[in-house]
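Engineer: Single-letter residue listing:
2 protein chains.
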Amino acid sequence: MDRRKFLKTSGLAAGGAAALATPAIAQSAPAVKWTLTSGFPKSLDTIFGGATVLAQAVSEATDGQFQIEVRATGEIVPTPGALDAVKSNTVQAAHTCSYYHFGKDPTFAIGTAIPFGLNSRQQQAWFYHGGGNELMNDFYKGYNIIGFPGGNTGAQMGGWWRKEINTVDDLKGVKFRAGGFAGAVLSRLGVVPQSIPAPDIYPALEKGTIDAAEWVGPYDDEKLGFYKVAKYYYYPGWWEGGANVHFFFNLDEWNKLPKSYQAILKTAAAMANIDMQAKYDAVNPTAIRSLVGKGVELRQFSPEILDACFKAANDTYAEITAKNEAFKKIYESLKAYRADAYLWSQITDGTYDNFMMAQQRSGVL
Amino acid sequence: MDRRKFLKTSGLAAGGAAALATPAIAQSAPAVKWTLTSGFPKSLDTIFGGATVLAQAVSEATDGQFQIEVRATGEIVPTPGALDAVKSNTVQAAHTCSYYHFGKDPTFAIGTAIPFGLNSRQQQAWFYHGGGNELMNDFYKGYNIIGFPGGNTGAQMGGWWRKEINTVDDLKGVKFRAGGFAGAVLSRLGVVPQSIPAPDIYPALEKGTIDAAEWVGPYDDEKLGFYKVAKYYYYPGWWEGGANVHFFFNLDEWNKLPKSYQAILKTAAAMANIDMQAKYDAVNPTAIRSLVGKGVELRQFSPEILDACFKAANDTYAEITAKNEAFKKIYESLKAYRADAYLWSQITDGTYDNFMMAQQRSGVL
Chain A
1 MDRRKFLKTS GLAAGGAAAL ATPAIAQSAP AVKWTLTSGF PKSLDTIFGG ATVLAQAVSE
61 ATDGQFQIEV RATGEIVPTP GALDAVKSNT VQAAHTCSYY HFGKDPTFAI GTAIPFGLNS
121 RQQQAWFYHG GGNELMNDFY KGYNIIGFPG GNTGAQMGGW WRKEINTVDD LKGVKFRAGG
181 FAGAVLSRLG VVPQSIPAPD IYPALEKGTI DAAEWVGPYD DEKLGFYKVA KYYYYPGWWE
241 GGANVHFFFN LDEWNKLPKS YQAILKTAAA MANIDMQAKY DAVNPTAIRS LVGKGVELRQ
301 FSPEILDACF KAANDTYAEI TAKNEAFKKI YESLKAYRAD AYLWSQITDG TYDNFMMAQQ
361 RSGVL
Chain B
1 MDRRKFLKTS GLAAGGAAAL ATPAIAQSAP AVKWTLTSGF PKSLDTIFGG ATVLAQAVSE
61 ATDGQFQIEV RATGEIVPTP GALDAVKSNT VQAAHTCSYY HFGKDPTFAI GTAIPFGLNS
121 RQQQAWFYHG GGNELMNDFY KGYNIIGFPG GNTGAQMGGW WRKEINTVDD LKGVKFRAGG
181 FAGAVLSRLG VVPQSIPAPD IYPALEKGTI DAAEWVGPYD DEKLGFYKVA KYYYYPGWWE
241 GGANVHFFFN LDEWNKLPKS YQAILKTAAA MANIDMQAKY DAVNPTAIRS LVGKGVELRQ
301 FSPEILDACF KAANDTYAEI TAKNEAFKKI YESLKAYRAD AYLWSQITDG TYDNFMMAQQ
361 RSGVL
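These protein sequence lines are chains A and B, in that order.
For the first sequence, the working numbering gives the first residue as 1, with consecutive numbering after it.
For the second sequence, the working numbering gives the first residue as 1, with consecutive numbering after it.
Bear in mind the hints are in silico, worked out from the structure with no lab data behind them.
It cannot be assumed that every hint is accurate.
Since the list can't tell identical chains apart, any single copy or any two copies may satisfy a pair.
[Stated by the list, open to error] Once the Cα atoms are required to be at most 25 Å apart in a straight line, the calculated PhoX-like pairs of lysine-lysine come out as:
(1) K175 with K231
(2) K294 with K172
(3) K87 with K104
(4) K259 with K33
(5) K33 with K266
(6) K207 with K223
(7) K207 with K141
Given the structure is predicted, the values throughout are model-derived calculations rather than measurements.
Full structure from sequences and hints, please.
Structural biologist: Structure, rendered in structure tokens:
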């Protein structure tokens, strides 16, 4: 544990008329120091980087008065301990995926991504203007935390597989490291899901403790080296069509902040949110070329597998909504938006992108 | 003109040791009041709203010390005058589309959207992590302005047409209101392009001064009432695959700001940037249903038309790059990224979205 939090007001407090003339400044720029635990290792500059984008923006906006020290996974607590660490105020903040905590309650899965959920843009629409973030925060309140979207990866890849899988039968018995809620769905099809943080995936795959593993996409995956021990790189990662990382803050600490610092944090979180997707979209195109150059074999999940997984996901949601009110309420909001959003997105965005993709394949872009 | 700018430092300056102990706070929270001219009318809460999102975030982050008064198009200057007004410091800021100014130099078109350019996510990747924003700001410097991305619309619709157009021949002689750089391409195919700000489009279409018009997409277009006077709603708007609005600041005024205020502005611009796309994606799905319910006929541009337009766009770029160094440099950066990005986006994002769209059409989402 490295608990180093202190909150003190600056020495600027002035009495009498001066205080009346300048209350905002005197009251609003206290020195605040927070510690943030990231769910990710420093080596992954994309997903780890979201926290440093936030910390730097907050520091600059406050002339260094509000400092957030960013610590990598494992330095203070391991990834699965991040939420409890924020809840108990061991750290004041975390930057991680809510779905790592679906074991506490499956509702946590919805904050990041659920199988066959929203894509990256739709996720933002639902969070910011579809009531999604308010619904998630009503739920997070029970854990004494408040969350803000803090980065999206886009649709992830479907992971690294040692053997080709063509049919649903091929999935049976495969020990597969999968993020978040994918395991709950895949286990219905015979997969043996594994929950392993980023730094431990490669050794497990190398030793054969697991048969397949997914992380995010080409840029991160190339860094983690999976291509050296598994040849087939599948897509799409249907369990994470637009996975969102979050900033979580201890609710009492959040409530103690001056309104201006709350505004700065919220704004900086939004910047980190758009910045991470932009970074992934900037670096993944080069990485996928590099991987293919190294002999990686790209494979698309077969229609049979996708259809079976879609059905298994819906069966999973039916079971959970029957017994979990919080999940039901939030899932139904997301589902209603998803149907409308995918009607709309195939009209102009979809036809535009499909036309441009066809030009790319024709070599004329 | 309503020129009301003043910049004054707060009355907090203290001498001697106190000043040394608290320089950041004393120096960094001056009262600043800026005026921003929007390129859009207040009635379009989506695209006009980006400026109010920024102004509110900046005010909250500074406890009201940095105020940005947002004025609608025409209140101070009309839309085409926004850039000159910022350049001359009549206003300190504008929130508008750079491509409204392509008459000064076609390079301005690239900041918003060029025909068959980047989609919304790719646009952010290129701006933030592909050198796009730096390249555009090198160019904007010549106009004494600095720009930050401040909202995207997604792929726009292809506008409202009184008659069906099926062939390239059908385009000949059509007087079409089109944003930005579309006219330069469409005129090669016989279209007579018209440049008209939002509030004046409907009367022109109603009176028959023009034959067809495009604005953005379902939500804005429904408000502007085009469906009452033109029945066919085409897609995709290939001239704006991911149109980006910008915040422009007078460069001298920007340079005068304390570093903390610059950081706050930059962060707030990024929030407004992601927020506008999220809002469009939240409201457009409902609006497209509403429009179809009112009898609007959706039509996809034919492959013949799209192919001819793509060729005409490339011919246009070849002509301009041969004689405009600034355009050439920036266009080539965008083009290189576009080819890579559309290779990548068809792998996992593309297959995920296409699978989900198929589910939507099957009625199972």
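Engineer: All hints, please: hold or fail.
Structural biologist: Each hint, compared with the structure:
1. K175 with K231: within (16 Å within a copy, 56 Å between copies)
2. K294 with K172: The answer is neither: 29 Å in one copy and 51 Å across copies each exceed 25 Å.
3. K87 with K104: Within one copy only: 13 Å inside a chain, 56 Å across chains, cut-off 25 Å.
4. K259 with K33: both (16 Å within a copy, 20 Å between copies)
5. K33 with K266: both (17 Å within a copy, 23 Å between copies)
6. K207 with K223: Within one copy only: 18 Å inside, 61 Å across.
7. K207 with K141: The answer is neither: 41 Å in one copy and 56 Å across copies each exceed 25 Å.
Hint check: violations occur at hints 2, 7; the rest are consistent with the structure.
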